[in-house]
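Chemist: The residues making up each chain are set out below.
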Amino acid sequence: MAEKFDAIVVGAGPSGNAAAYTLAKSGLKVLQIERGEYPGSKNVQGAILYADALERIIPDFRDDAPLERHIIEQRMWVLDDDSFVGTHYRSDGFNKPPYNRYTIIRAQFDKWFSGKVQQAGALLICETTVTDLLMDGPRVVGVRTDREGGSIYADVVILADGVNSVLARKAGFRPELDPGDVALAVKEIHFMPEEVVESRFNVADGAGVVIEMFGKITQGMMGTGFLYTNKDSITVGVGCMLSDFKAQQCSPYKLLEEMKAHPSIRPLLEGGEMKEYCAHLIPEGGYKAMPQLYGEGWMIVGDSGMFVNAVHREGSNLAMTTGRIAAETVIEVLAAGKACTAGNLSRYRAKLDDSFVMKDLKKYRELPGIFHRNPQFFTDYPELLNRAAHTMLKVDGIDKKTKEREIRRTFTRKRSLFGLMGDAFKLWRAFE
Amino acid sequence: MSTAIKIEEKLFQNRYRVDAGRPHIAIKDPDVCAHQCKSQQCTVCCPAGCYTAEGNGAIALITDGCLECGTCRVICTEHRNVAWEYPRGGYGILFKFG
Chain A
1 MAEKFDAIVV GAGPSGNAAA YTLAKSGLKV LQIERGEYPG SKNVQGAILY ADALERIIPD
61 FRDDAPLERH IIEQRMWVLD DDSFVGTHYR SDGFNKPPYN RYTIIRAQFD KWFSGKVQQA
121 GALLICETTV TDLLMDGPRV VGVRTDREGG SIYADVVILA DGVNSVLARK AGFRPELDPG
181 DVALAVKEIH FMPEEVVESR FNVADGAGVV IEMFGKITQG MMGTGFLYTN KDSITVGVGC
241 MLSDFKAQQC SPYKLLEEMK AHPSIRPLLE GGEMKEYCAH LIPEGGYKAM PQLYGEGWMI
301 VGDSGMFVNA VHREGSNLAM TTGRIAAETV IEVLAAGKAC TAGNLSRYRA KLDDSFVMKD
361 LKKYRELPGI FHRNPQFFTD YPELLNRAAH TMLKVDGIDK KTKEREIRRT FTRKRSLFGL
421 MGDAFKLWRA FE
Chain B
1001 MSTAIKIEEK LFQNRYRVDA GRPHIAIKDP DVCAHQCKSQ QCTVCCPAGC YTAEGNGAIA
1061 LITDGCLECG TCRVICTEHR NVAWEYPRGG YGILFKFG
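These protein sequence lines map, in sequence, to chains A and B.
If you're matching positions, the first sequence starts at 1 in the working numbering and goes up one per residue.
If you're matching positions, the second sequence starts at 1001 in the working numbering and goes up one per residue.
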């Protein structure tokens, strides 16, 4: 007779770890299966950690979690070919503990989180790929792995297996991803001395800066670039909708290379030693692309459930929150002596609807579509904005009133008056 | 702008444990790539450059440098000609930083 668990969690990223930790801590018998050499070795993220979601799971995580820098300044750059218009928000309020968010290195962070999961009592097996879900009629009763005698049973299987979720697809729980619903992001990490990072970004004592960018760097595609400061390294990357990469026949690593060569970005990377290149899909389809989230004996959490708020660059916090709420639902169902049927697990969806997760995703449900249909937000406007700044700031004997008229003319020439009003309306609708 | 870069130079920085002789991705029907697919977008969009167009229209796939992102499978919308699984446990890309 094969061993049976209360719950099996597939994957040891933020959502899987949050779920396994919460379940194990309540005393349930939990098995977690990870295909990597160690938790984190298959996982890719920018990466920003939002403290709140983790604090609700491990309140004292700051005592020993591997955190890179706490963020005190956010820059937002809108780039043209050789310039950018930007805003910086820097606050000493963000420089007082407890800090609100941090840069992290996922290979280290996930390993740490997994240590907490194991301390809480979950059994972790690494270097093991789950190949199939074991079914009894319509009900999921366990998993099959690529290990010998690899069938394992449980009351519930939580799929935390990431954006590609091979398992959910094979089982028919969700369709293949649509290239219009996922972004492909590529990034590199560049190492340099800690003092160089601090002087280059005007920070000290573990504080850090993030830069979010859009405009010409995505070469007309819908997407964004980013640059994050770690302790003694900088992460730089760019992500665009996969449908755009496909339509434009654009090579992702060339796109990254050209972005790194931008005159405003290159000096920030100067002298760094590149030590890793990663690629990852980000499920950005939002509310409308969300699959069924639970069924007979199964639940989906994190990226596999498309839980990403693309507008606010939030993902790992949604992953941890969905993992925790899924686990809490299972704990309640089992404590009541009930079975993990779809009906009993439906509380998961109800709880999500009540949380910031669904409220935020619902709020921005129209946004992916609007940006898809209106590429001018990534092409014309960054250019117009930069040229307007250039016109206004260049001192050349032309009076400012004439300059203003000239700027107005470039805007109406590019987008027409109705076009401008329409775009303003669309943006208002999208963010409303 | 001169930004010619060989993808091999980037991948060289990464750590892999290659499952020799057991690629985790396969082209289902090579004839479909060679004769029915005009765009052959996998040769451009794969961030690890695993797919190359051969002179005769065929596509060569070498998965050793694969970053396991899923792009090739997701963009093959017209023909669904990519059989895509995760590598066996412990094999494939092993991110040092992620």
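It should be emphasised that the hints constitute simulated quantities derived from the structure, not laboratory data.
Using N, Cα and C, we set each Cβ at its ideal position, and we do this for glycine too.
There may be inaccurate statements among the hints.
Claimed, not checked - Here are the simulated distance ranges between beta carbons:
| hint | chain 1 | residue 1 | chain 2 | residue 2 | range |
| --- | --- | --- | --- | --- | --- |
| 1 | B | Ala1053 | A | Phe425 | 51 to 61 Å |
| 2 | A | Glu176 | B | Ala1034 | 45 to 55 Å |
| 3 | A | Gly220 | B | Glu1085 | 29 to 39 Å |
| 4 | A | Asp92 | B | Arg1022 | 49 to 59 Å |
| 5 | B | Ala1034 | A | Gly369 | 29 to 39 Å |
| 6 | B | Ala1034 | A | Arg62 | 49 to 59 Å |
| 7 | B | Ala1034 | A | Ala247 | 21 to 31 Å |
Chemist: Would you mind marking each hint as holding or not holding in the structure?
Modeler: Cross-check of the supplied hints:
Look at B/Ala1053 against A/Phe425: about 44 Å separates their beta carbons, and that is not inside 51 to 61 Å. With their beta carbons about 23 Å apart, A/Glu176 and B/Ala1034 fall outside the hinted range of 45 to 55 Å. The beta-carbon spacing between A/Gly220 and B/Glu1085, approximately 34 Å, falls within the hinted interval of 29 to 39 Å. At about 55 Å, the beta-carbon gap between A/Asp92 and B/Arg1022 stays in the expected band of 49 to 59 Å.
Separated by about 36 Å at the C-beta atoms, B/Ala1034 and A/Gly369 satisfy the suggested range of 29 to 39 Å. For the pair B/Ala1034 and A/Arg62, the beta carbons lie near 56 Å from each other, so the given range of 49 to 59 Å is met. Between B/Ala1034 and A/Ala247 the Cβ separation comes to about 22 Å, which falls inside the hinted range of 21 to 31 Å.
Comparing the model with each numbered hint stated earlier shows that hints 1, 2 do not hold.
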